[in-house]
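Residue numbers (my numbering), protein chains in the order written: chain B, 1 to 261; chain W, 1 to 839.
Honestly, the hints are just simulated from the structure, not real lab data. Keep in mind that a hint or two might mislead.
[Claimed, not checked] With a cut-off of at most 27 Å between alpha-carbon atoms, the simulated DSSO-like pairs for lysine-lysine come out as follows:
#1 K77/B - K762/W
#2 K169/B - K256/B
#3 K641/W - K242/B
#4 K299/W - K7/W
#5 K7/W - K256/B
#6 K122/W - K55/W
#7 K104/B - K132/B
#8 K77/B - K122/W
#9 K55/W - K247/B
#10 K120/W - K180/W
#11 K60/B - K641/W
#12 K247/B - K399/W
#13 K246/W - K80/W
#14 K120/W - K80/W
#15 K19/W - K234/W
#16 K781/W - K800/W
#17 K185/W - K260/W
#18 K77/B - K570/W
#19 K203/W - K185/W
#20 K256/B - K762/W
#21 K168/B - K202/B
#22 K569/W - K77/B
#23 K570/W - K60/B
#24 K576/W - K673/W
#25 K143/W - K569/W
#26 K172/B - K202/B
#27 K111/B - K80/W
#28 K677/W - K256/B
Just so we're clear, the structure is a prediction, and the values are computed from it rather than from any experiment.
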Amino acid sequence: MDIYNVRGRIFDIQKFSVHDGPGIRTIVFLKGCALRCKWCCNPESQSAEIQTMNTPQGTKTIGRDVSVGEIIEDILKDMPYFRRSGGGITLSGGETLLQPEFAKALFMAAKENGITTAIESTGFAKYETIEKLLPYIDVYLMDIKHMNSQKHKLFTSQSNELILENAKKIAKNANRLIIRVPVIPTFNDTVSEITDIARFTKELGTVDELHLLPYHRLGEDKYTYLGRCYELKDLTTPSDEKMNDLKSAVESCGLKCQIGG
Amino acid sequence: MKHFNFKEIAKSPRIDMLKDALFAKMPEIEADRAILLTESYKSTENLPVIERRAKAFSHILNNIPITIRDNELIVGSATKAPRGCQTFPEFSYKWLEDEFETVATRSADPFYISDETKAKLKEVYAYWGGKTTSDLATSFMSKETLTAMEHNIFTPGNYFYNGVGHVTVNYGEILESGLKGIADKAKAELARCSFEDEDYITKSSFLNAVIESIDAAVNYSKRYSALAKEMALKESDPTRKSELMKISEVCSTALENGAKSFYEACQAFWFVQMLLQTESSGHSISPGRFDQYMYPYFKADLDKGVITLESAQELIDCIWVKLNDLNKVRDAASAEGFAGYSLFQNLIAGGQTSEGLDATNELSFMTIYATMHVALPQPSFSVRIWNGTPHSFMIAAAKLTRMGLGLPAFYNDEVIIPALVSRGLSLEDARDYNIIGCVEPQKSGKTDGWHDAAFFNMCRIIELVFNNGMDKGELVGIRTGELPELDTFEKFFDAYKKQMEYQIKLLVNADNAIDVAHAKRCPLPFLSSMIEDCIGRGKSVQEGGAIYNFTGPQGFGIANMADAMYAVKKLVYDEKRFTLCQFKEAMENNFGFGALNDSDAQAVTTAIVKHLYSSGVELTEKQIADVYMRAKSEKFDDRYKELYEAIEALPKYGNDIEEIDLLAREVAYTYTKPLEKHKNPRGGMYQAGLYPVSANVPLGAQTGATPDGRLAFTPVADGVSPCAGRDVNGPTASCNSVAKLDHFIASNGTLFNMKFHPTALKGQSGLESFAALVRGYFDQKGSHMQFNVVSRDTLIDAQKHPENYKSLVVRVAGYSALFTTLSKSLQDDIIRRTEQGGF
Chain B
1 MDIYNVRGRI FDIQKFSVHD GPGIRTIVFL KGCALRCKWC CNPESQSAEI QTMNTPQGTK
61 TIGRDVSVGE IIEDILKDMP YFRRSGGGIT LSGGETLLQP EFAKALFMAA KENGITTAIE
121 STGFAKYETI EKLLPYIDVY LMDIKHMNSQ KHKLFTSQSN ELILENAKKI AKNANRLIIR
181 VPVIPTFNDT VSEITDIARF TKELGTVDEL HLLPYHRLGE DKYTYLGRCY ELKDLTTPSD
241 EKMNDLKSAV ESCGLKCQIG G
Chain W
1 MKHFNFKEIA KSPRIDMLKD ALFAKMPEIE ADRAILLTES YKSTENLPVI ERRAKAFSHI
61 LNNIPITIRD NELIVGSATK APRGCQTFPE FSYKWLEDEF ETVATRSADP FYISDETKAK
121 LKEVYAYWGG KTTSDLATSF MSKETLTAME HNIFTPGNYF YNGVGHVTVN YGEILESGLK
181 GIADKAKAEL ARCSFEDEDY ITKSSFLNAV IESIDAAVNY SKRYSALAKE MALKESDPTR
241 KSELMKISEV CSTALENGAK SFYEACQAFW FVQMLLQTES SGHSISPGRF DQYMYPYFKA
301 DLDKGVITLE SAQELIDCIW VKLNDLNKVR DAASAEGFAG YSLFQNLIAG GQTSEGLDAT
361 NELSFMTIYA TMHVALPQPS FSVRIWNGTP HSFMIAAAKL TRMGLGLPAF YNDEVIIPAL
421 VSRGLSLEDA RDYNIIGCVE PQKSGKTDGW HDAAFFNMCR IIELVFNNGM DKGELVGIRT
481 GELPELDTFE KFFDAYKKQM EYQIKLLVNA DNAIDVAHAK RCPLPFLSSM IEDCIGRGKS
541 VQEGGAIYNF TGPQGFGIAN MADAMYAVKK LVYDEKRFTL CQFKEAMENN FGFGALNDSD
601 AQAVTTAIVK HLYSSGVELT EKQIADVYMR AKSEKFDDRY KELYEAIEAL PKYGNDIEEI
661 DLLAREVAYT YTKPLEKHKN PRGGMYQAGL YPVSANVPLG AQTGATPDGR LAFTPVADGV
721 SPCAGRDVNG PTASCNSVAK LDHFIASNGT LFNMKFHPTA LKGQSGLESF AALVRGYFDQ
781 KGSHMQFNVV SRDTLIDAQK HPENYKSLVV RVAGYSALFT TLSKSLQDDI IRRTEQGGF
């Protein structure tokens, strides 16, 4: 089948993204996710169904089905910036791994057009699914949110065993893996919790970089628009001082660390 | 690619002291030049005009008060007071006489003027009635041209009322051979002339004027040498004493004999830079490639150990401060158009040599540091970027951008060089280009570019189409058909093209009239001595003495017209949802938003009246009342809501949508293509620019509603940038749209403004992304880019508390200015520009 005719469901395309992989990138947000992280700033990404959101500017339809060809045509518009910055396409979500055929076709098409590729992923899928994509991914940005499975499940709706197992395998086989940790107050923002993740990352053997992404509440309004309740109402963004402490903790495990993507 | 590992050099404490002194008081108008000029003119009425100019220049320089300010290392001031200005009645004066009582309190660029100065100037002005370039130019213009100007289709006000300026002289030659070398050239040429030659009369007269002007300039530098010595003798502080002795020594020889050291090169440069602005009131006298022509002196002294990087940096910084010491008073309407006390002295670093090799050197970096240290609007600092520009230079420039001064502006060699070659420059000359004023490229020392020749409002043309050539009850354009006759989009677009071509002819008539008036009444011998081949041809720049001659009037409003054409095409012709007549009625009623409140209506009326006045048109009381009533009378109603919402819902230019962007390209061609068919009196061609300076605000205040949904009297889009707030798909989409215009044909320069929130350039990765964005835009053959990096909150707070933001510099158009000196409406326009990068 022609890869350009493969269709999938996305909910947004964001240009000039500079915090999600190297250089200037265009992010394609795929719809549908297996996790339900309480802090998720894109709650409209979670359901695989096409939804409507009632914003102050009127009703918005979230989600559309598009072909790889349509996406690539749009992505190529920013090729001059990719070339100059070492940027490219990033698939994000939702969770890309829930649409593996579409993702694979998109990555292959990107490669065919000389575009570098990255993925932002929870790693929550069968490894066989991930394995098929790895040859086409230049940078794998993988979230590890907590080392304690119970706490992980409480805040994300899923336990972490599959994720951690996959991380080990991806580390062995990916072109490049970077671990990312959303720093969420009351969930994982202590030095010891972050240190646990950093140690695990170091032990993966092939990973030398960990990014700490400070919690923000920019997605809060969208919960209201979707008629949902935002559970983390009382949280505030971690202070710079706090983030720097956590960064030092990561660095003391022998990893490079940056705050923000 | 070259590699530089060049650390920023620390700022000398002297620089802040110089800056503080500069801004201690409000700028002031001084009368000395006007008095001396007039004295001389009265005594030379029987001489050829070129000799009168030389004698007047000489009389001024021999007698004008001179001053050395505290802590200065580079000396030479046009006025006694810092940031003061002289006046130039030979070009025009009436506006200033009329504004004596308001010039100190007006919103844009106020100047203090003492009662004594007013009285002296009044006396001087009595001589000048009917004798100015402005008077003569008016008498040359056709009736149709004057009508079009009355109706604000275009305004050539800049050179109509002032000197031309807009030039870069051959600084390299002056530093090498001194003015003496140039005088020797003139003398040698004179020796070759013979009484019986056909051009002997004019040529010998011109060459004598050159020699006399040069003598005057040399004498002026020696007056400074003597003053410095005198001050040194009285000085008790030993450090300052030795500084003054050094100044005296440098001034005694540098300008006359050429530079033997870096210090002498700096001082000689400065004398030339300021004296050009004493000879004529033209602005945009641009230093150009300072990092290139100063380099040999810098390198030699550094190698010999005569200077250190620190001492060289201090001298450069001193020049940067001095560039802000010069000033110019404009009429109130022009002051709005050029707001920010700007003299547009464009200085550019980096780029290629005339052989096509990378030209970046240590001084290129030091000019960036000087701009960081001094942090003032002058010089209008620019950088040239090409594929071989070192990354380290690009990053240093990005760091300067991040400071939020709106500097530097980035220029693309890969577009500008071929564009200039297509205009007849040799490849070597094209590679050696620099920028004049806002965005206009030329080859230094060989060009009279007449850049900035007029503002041409492309939005007014569509109004003429909708009214079959009529405007306010008068036939201003040509008959292109009643609306029902325009039954296809092709016919509609063709009507736009025809109206445009006609107005361009009138514009050419206006510019050529002014051009001839300058040649007849204000040829400039001192400037001409430094432009090739005036001496050889024996005629001034104004009479066609330069090798390359152009006239470059600038169009603006492309984004509005692109969106307007798209709206008309979609809604009238493709979808047939509305008729042209419905559009017309809606526009006449400002889409139902008509009702201006009292103070807005007054402000609009004042802007219109002032502007007409500056174009030489006085309205009667009744006409003024009509304008006011029209602005005020319209009532809000929702009859046009459906059309307005349909227009609003359409996609717009600036979002990387091929169909609209290509329409924008066609709209730009309607201005750029017909223009290049015309010729000027100096034997050169017309070439279009696409930039607004800051006139998109005051001229927008005279433009009715347009089919893109732009409301009446609101600003027109600036340069080639998308309409403020309409580019919503991020910076790359905005860049891609703008890059789809043909930047090569707009060889007088295009201007693309972008606004970034400071967080967008945070950290090394922010700088890298920014650099890649500029590179990516340039790869697609965009010509120019400039940035405001300041948050909306900061600007709004600065409007409320100007006292806290005296030094807040922002990018206005092709230049930067102090934000708090701008008029409220221009401030609002800058705040409205779409802010990119909230990630």
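Verification of the hints:
1. K77/B - K762/W: The hint holds at about 25 Å.
2. K169/B - K256/B: holds, 21 Å
3. K641/W - K242/B: Status violated; Cα separation ~52 Å.
4. K299/W - K7/W: holds, 17 Å
5. K7/W - K256/B: holds, 26 Å
6. K122/W - K55/W: holds, 23 Å
7. K104/B - K132/B: holds, 8 Å
8. K77/B - K122/W: Roughly 62 Å separates the two Cα atoms, so the pair is violated.
9. K55/W - K247/B: violated, 73 Å
10. K120/W - K180/W: violated, 36 Å
11. K60/B - K641/W: At roughly 22 Å apart (the allowed maximum being 27 Å), K641/W and K60/B satisfy the hint.
12. K247/B - K399/W: Roughly 26 Å between the alpha carbons, so the hint for K247/B and K399/W holds.
13. K246/W - K80/W: holds, 22 Å
14. K120/W - K80/W: holds, 16 Å
15. K19/W - K234/W: holds, 25 Å
16. K781/W - K800/W: The given pair, whose Cα atoms are some 40 Å apart, is violated under the 27 Å limit.
17. K185/W - K260/W: This hinted pair holds, its Cα atoms lying about 20 Å apart.
18. K77/B - K570/W: holds, 24 Å
19. K203/W - K185/W: holds, 14 Å
20. K256/B - K762/W: Holds, at about 19 Å.
21. K168/B - K202/B: holds, 11 Å
22. K569/W - K77/B: Roughly 25 Å between the alpha carbons, so the hint for K569/W and K77/B holds.
23. K570/W - K60/B: holds, 24 Å
24. K576/W - K673/W: violated, 31 Å
25. K143/W - K569/W: violated, 35 Å
26. K172/B - K202/B: holds, 13 Å
27. K111/B - K80/W: violated, 67 Å
28. K677/W - K256/B: Answer violated: K677/W to K256/B is near 61 Å, above 27 Å.
Of the numbered hints given earlier, the model fails hints 3, 8, 9, 10, 16, 24, 25, 27 and 28; all others are met.
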